[in-house]
Amino acid sequence: MKNRSPQISTRLCHAGLCTDEKTGAISTPIYQTATFRHKGPGRSTGYDYSRTSNPTRHVLEKTIADLEQGHSGFAFSSGMAAIAAVMGLFKPGEAVVASDDLYGGTYRFFETLARPSGIKIFYADTTNPLKIADVFSREKISGIFIETPTNPIMKITDLRGVSKLAKKNNVLVIVDNTFMSPLLQLPITLGADVVVHSATKFLAGHNDTLSGLVVAKSARVSKRIGFIQNASGAVLAPFDAWLVLRGLKTLAVRLECAQANAKRIASFLVKHPSVTKVYFPGLSSHPGHSLHKRQARGPGAVISFSVTNAKKATSVLRRVSIISFAESLGGVETLITHPARQTHADIPLATRQCLGVTDDLLRLSVGIEDEKDLIADLTQALE
Amino acid sequence: MNIDTSILHGAAARDEATGALSIPIYPASTYHQKDVSVRQEYEYGRSGNPTRKALEDTLASLEGGEKAYAFSSGMSAIHAAVTAFVKAGDHIVATRDIYGGTYRFLTGFMPKFGVSYTFADTTDARKTEAAIRPNTRILFLESPSNPLLKITDLDAHAALARKHGLISMIDNTFLSPYFMRPLEHGIDLSIHSATKFLGGHSDLIAGAVIAKSVEHGMAVHYVQNTCGAVLSPENSWLLMRGIKTLAPRMIRQQETAVMVADWLSNQPWVKTAYYPGLSSHPGREILARQASGTGCVVSFEIDTLARLDSILASVKILTVAVSLGGVESILSYPAKMSHAAMPPSVRNDLGITDTLLRLSVGLEAPDDIIADLAGQ
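Each protein sequence line maps, in turn, to chains S and Z. The opening residue of the first sequence carries number 520 in my numbering; numbering runs sequentially from there. The opening residue of the second sequence carries number 4 in my numbering; numbering runs sequentially from there.
Partner residues are not named here, just some residues of chain Z that face chain S (Cβ under 10 Å, in silico):
id, residue
1, N5
2, I333
3, G365
4, L366
5, D370
Note that these hints are calculated values from the structure, not bench results. Fair warning: this is a prediction, and the values are worked out from it, not measured in the lab. Here a beta-carbon is modelled for each residue, glycine too, at the ideal position from N, C-alpha and C.
Let the sequences and hints guide you as you build the complete structure.
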């Protein structure tokens with residue numbers, strides 16, 4: 520047999536497959552242990568204490584590192600814990616540029632924890648390379664934090680272009696790849712240094728576990744993230760690590776199915792009289808459509824859309840029945856969120872409105888239900 | 004609601020009290036009784052558990068049954084379904100080409116309690132009818148059968164059971180309710196090793212019985228509660244999590260199985276490929292009438308034992324193991340694994356030879372699976 524590397528769908532469904540040499544167990548064991556017995560003084564098995572490393576978590580960390588094509592992976596107890604750990608790479612006095620349209624939790628962390636600890640935060644429209652170049656020329660910048668597509672306006676940033684610019688200026692490129700997952704977008708191959716995930720979303724995929732992941736491209740950054748993970752301790756529990764691995768096994772079929780549904784729903788929304796704007800990179804009318812196509816394998820399964828007014832948005836949220844009105848995204852079940860009041864409530868009103876995160880905006884995370892049922896539900900909810 | 008949607012939003016989608024999208028795991032063994040004179044829904048974890056109930060309701064809705072019960076393994080589900088309806092002196096007619104564990108149960112275990120059996124070639128309803136005796140109580144079917152994927156006509160057998168006053172039951176493990184809903188064809192009970200496609204991730208052991216009528220359901224529940232082989236709350240939850248992706252898994256795995264079966268049937272070293280989706284399969288038309296898919300399991304007989312050894316030793320993408328129905332492709336050797344409990348003469352008679360392999364096709368890219376099989 521020729522040495523061919525298996526395709527991503529194969530690698531995904533083999534996540535954590537047969538990791539236990541001793542028994543041949545097809546499913547990775549859950550090592551629900553806090554500590555490990557030493558064979559003798561100075562004779563560690565390689566595992567000493569589960570905060571430092573745990574065999575189940577280790578399998579997940581290795582799997583995500585392989586999938587994202589980085590050096591090492593790290594699993595945290597939530598997406599925010601992963602972002603907090605990555606921001607630990609910066610010292611007081613250093614400056615970080617962030618996408619202006621950003622998940623509200625990330626914004627809250629930057630404003631209320633990172634900034635007071637002495638890290639300078641600048642926001643820029645990262646979809647415009649000139650704006651980034653402008654910040655880089657005015658300030659000494661150490662890192663850039665990018666969401667693409669952004670949450671919730673789905674703006675697209677050129678990862679190759681920004682990475683090139685960042686490299687020239689010695690800036691660390693961090694990409695939140697939650698909306699795409701490694702199935703659709705591989706930021707490290709496009710030049711990013713660090714990838715973060717809220718693995719709660721598409722990676723775990725069942726709306727039933729919280730987790731965050733970090734993958735670093737280089738050994739040097741990996742070492743620092745590993746130090747932060749162990750020193751600050753927001754590690755993922757063994758059982759949740761195992762559940763994320765289990766989720767990864769169906770990532771390809773889940774996301775492909777959800778994405779196919781999302782494409783049809785986006786076309787439906789565009790034509791609906793009560794819908795005033797649809798933000799979805801799969802639409803040819805989306806300003807980032809062709810750029811996104813160059814750097815990702817698909818538009819994903821999240822759609823944001825504005826309805827005629829805030830009252831209409833509230834009425835949609837009241838009327839949906841198959842679709843759940845809940846925060847979060849990326850699960851098998853379709854969720855609808857009101858960003859202004861939920862995910863992005865911590866962003867000041869003026870900033871929100873400037874970005875388009877208005878009271879009439881809804882965000883739909885499309886699941887794997889039958890598309891006809893979803894469209895029927897939206898039709899009656901939008902009436 | 005289409006099945007893809009009802010899988011996710013059917014019986015037990017949300018926790019009313021908190022709105023949680025994932026049903027809570029209730030590890031409780033017992034429940035505080037507010038008023039001893041009023042019987043509460045839950046009294047003791049063996050008799051009923053809210054997490055297990057959510058799973059059981061989901062299964063009942065998927066199979067179109069009135070009642071469903073979850074067990075700690077597929078064999079304990081079969082045990083409950085069978086023992087609910089027989090007593091000493093009764094007789095069972097069962098599909099001849101059957102899972103080895105069921106074979107062991109019917110030939111080794113039940114006779115100890117005075118229940119006898121006859122195996123029949125159920126691909127021909129006349130042969131089934133010929134095996135029925137005055138003391139026959141149960142018609143036990145498996146279709147597609149394990150491992151040769153023979154097809155039994157459900158409508159004809161449901162009619163036969165009604166005519167002779169038998170309880171009809173079928174092991175629906177291979178197709179799952181996504182592709183086949185036997186109760187809609189008049190079968191009384193549908194049984195699953197939920198370890199397989201329902202669970203789907205090769206990481207739990209579970210069984211299920213779904214009854215078309217409340218009366219039959221209550222008889223199964225009596226055994227479940229009396230003998231106690233219940234599914235734990237943790238595994239009930241994990242099984243529900245597996246069921247959430249049943250649709251995309253079954254669709255993709257079947258697509259790949261069709262490709263793999265086609266490829267196998269064109270290899271000179273494959274003597275026979277058994278797959279109900281192949282045009283050469285004798286049960287193809289009957290299956291098309293009673294199921295919406297042909298499943299994800301392919302069996303194939305190869306030319307030599309030496310090649311068999313070489314395949315089992317060289318595959319890298321396929322996992323060599325007992326079981327089936329997971330997201331990862333599993334290659335099994337029925338003679339030594341699933342059907343080891345069957346005497347060699349019986350096995351060979353059925354066609355479960357020493358050169359037969361069974362492949363449960365997973366979610367890998369089809370090219371990767373075929374390249375792995377071609378690499379021997």
